[in-house]
Amino acid sequence: MATDTTQSVLGEGEATASGMPQLDFSTFPNQIFWLLLALVSIYFVLTRLALPRISGVLAERQGTITNDIAAAEELKLKAGEAEKSYDKALADARAEANRIAEENRAEMQGELDAAMKRADAEISAQQQESEARIAEIRDSAMANVEQVAKETARALVEALGGNPEAANIDAKVETRVKGQAS
Amino acid sequence: MAADQAATLVEAGADHGGSGLNIHPMDQFVIQPLFSDGPVGMFTVTNATLWMALAVLCTVLLLVVGSRGRAVVPGRAQSVAELSYGFIYKMVEDVSGKEGVKYFPYIMTLFMFIVLANMLALLPMSFAPTSHIAVTAVLALFVFLGVTILGFVKHGVGFLGLFWVSSAPLVLRPILAIIELISYFVRPVSHSIRLAGNIMAGHAVLKVFAGFAGALGIFAFVPVLAITAIYALELLVAFIQAYVFTILTCVYLKDALHPSH
Numbered sequence: 001m002a003t004d005t006t007q008s009v010l011g012e013g014e015a016t017a018s019g020m021p022q023l024d025f026s027t028f029p030n031q032i033f034w035l036l037l038a039l040v041s042i043y044f045v046l047t048r049l050a051l052p053r054i055s056g057v058l059a060e061r062q063g064t065i066t067n068d069i070a071a072a073e074e075l076k077l078k079a080g081e082a083e084k085s086y087d088k089a090l091a092d093a094r095a096e097a098n099r100i101a102e103e104n105r106a107e108m109q110g111e112l113d114a115a116m117k118r119a120d121a122e123i124s125a126q127q128q129e130s131e132a133r134i135a136e137i138r139d140s141a142m143a144n145v146e147q148v149a150k151e152t153a154r155a156l157v158e159a160l161g162g163n164p165e166a167a168n169i170d171a172k173v174e175t176r177v178k179g180q181a182s
Numbered sequence: 001m002a003a004d005q006a007a008t009l010v011e012a013g014a015d016h017g018g019s020g021l022n023i024h025p026m027d028q029f030v031i032q033p034l035f036s037d038g039p040v041g042m043f044t045v046t047n048a049t050l051w052m053a054l055a056v057l058c059t060v061l062l063l064v065v066g067s068r069g070r071a072v073v074p075g076r077a078q079s080v081a082e083l084s085y086g087f088i089y090k091m092v093e094d095v096s097g098k099e100g101v102k103y104f105p106y107i108m109t110l111f112m113f114i115v116l117a118n119m120l121a122l123l124p125m126s127f128a129p130t131s132h133i134a135v136t137a138v139l140a141l142f143v144f145l146g147v148t149i150l151g152f153v154k155h156g157v158g159f160l161g162l163f164w165v166s167s168a169p170l171v172l173r174p175i176l177a178i179i180e181l182i183s184y185f186v187r188p189v190s191h192s193i194r195l196a197g198n199i200m201a202g203h204a205v206l207k208v209f210a211g212f213a214g215a216l217g218i219f220a221f222v223p224v225l226a227i228t229a230i231y232a233l234e235l236l237v238a239f240i241q242a243y244v245f246t247i248l249t250c251v252y253l254k255d256a257l258h259p260s261h
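Residue numbers (our numbering), protein chains in the order written: chain A, 1 to 182; chain B, 1 to 261.
No wet-lab data here; the hints were simulated from the structure.
Each residue gets a CB set at the ideal place from its N, CA and C atoms; glycine is no exception.
Misleading hints may appear alongside valid ones.
[Stated by the list, open to error] The calculated label-pair distances, taken between Cβ atoms and stated as ranges, are:
1. A/A70 <-> B/G156: 44 to 52 Å
2. B/F35 <-> A/R48: 51 to 59 Å
3. B/G156 <-> A/P29: 17 to 25 Å
4. A/L37 <-> B/G214: 51 to 59 Å
5. B/D94 <-> A/I65: 17 to 25 Å
6. A/L37 <-> B/D94: 44 to 52 Å
7. A/R48 <-> B/M125: 28 to 36 Å
8. A/L77 <-> B/V251: 42 to 50 Å
9. B/A77 <-> A/R48: 18 to 26 Å
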């Protein structure tokens, strides 16, 4: 159909014998020869060079990817182990720190207790000493008071005109002071 | 179909007589010797030779030179080479099955030649070897004879089971066998004419529009825009026809490997 019309149009006054160069059978052997040559050369280039190389590259890439994934898996495992050991070390260190702190605390407690005891002893010793001194002071004060009372009483008796018997007055004052004191 | 249009357009142009429309859409398909004016003999180097050789050269450039780095992380050329390899390999494997993979180099050869010849033919001033029925017929016959011989070698007479539809009622089987037989022998015809027709039609249409552009003066932008659009379509066609030729080859190969219905 296409052939007919084209032929009728182009056939007129054209140098070409046929309207469609595709139907010029004189060129067929030429085309077929060169086509076969082209196909054979492509075939040899493909089978000898291109296809083995490309399939090799693809296989190699596949292998690389598989290896990389395996390596990544291994590294992940190692990382997990490392994390575990790190955690363990951390826990150990924490326990050790606790232990040391406990020890220190106990030691300090002991020292503290000892110091407290010492201080208590010192304090009680000083207290005793102080009490002794207070008692002494009180005694001497008492004696002084007695003396003063006796002398005052004597002086009073003398001033009132009595003839005081020193020993008598003294004994009376002594009983009065003691009675008041007790 | 497109060739029809081209022809009618040319006819319209011819009717105008000497109005300036002088379109020869078929001239681009003429086979001429490159270095002499003599007749085209069997071994004459012609424009067909040149463009087939360029297709071979491009195959080498793409698949051999492109992949020479053997990089694990591919560059651009290597990516394209690997992509075409993977594309055809997967097609053969999917359509023809595991046993078809053995014939992958042959199918790859066909695909690379057709796709590169088609693409190169879209360069201006180029020549389209695949627009010639002589070329596509040889390609189709190569496939037809190949799969037929392969079928008989693999299955002997059992290959004829391809024509004996055992799932149909017994009465219908002889009739179906005749239909199957006819369709089997029509395969190389449709296989070759589909490719040549598509390529030829596209190129002829481009040429016709180019002729319009020459004649229209200031309105030439209309056909130029049309040419741009058709060119994009032809790029698609160039690839799709190579794809179709290849996948049909795979289908025929599958029939040869597994003839039973």
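44 to 52 Å was suggested as the range; check whether the CB atoms of A/A70 and B/G156 agree with it. For A/A70 and B/G156 the Cβ distance comes to about 48 Å; the hint holds.
Check the following: the C-beta atoms of A/L37 and B/G214 are separated by a distance inside 51 to 59 Å. Violated - the Cβ-Cβ distance for A/L37 and B/G214, about 37 Å, lies outside 51 to 59 Å.
If you check the beta carbons of A/R48 and B/M125, does the distance land in 28 to 36 Å? 33 Å, holds
Do the beta carbons of B/G156 and A/P29 sit within 17 to 25 Å of each other? 35 Å, violated
Taking the beta carbons of B/F35 and A/R48, is their distance inside 51 to 59 Å? 30 Å, violated
If I claimed the Cβ atoms of A/L37 and B/D94 lie 44 to 52 Å apart, would that claim hold in this structure? Cβ of A/L37 to Cβ of B/D94: about 31 Å, so the range 44 to 52 Å is violated.
Whether the CB-CB distance between B/D94 and A/I65 falls inside 17 to 25 Å: 23 Å, holds
Could you see if the CB distance from B/A77 to A/R48 stays within 18 to 26 Å? This hint holds: roughly 19 Å between Cβ atoms.
Between A/L77 and B/V251, does the beta-carbon spacing fit 42 to 50 Å? 49 Å, holds
Hints 2, 3, 4 and 6 from the earlier list are contradicted by this structure; the remaining hints agree with it.
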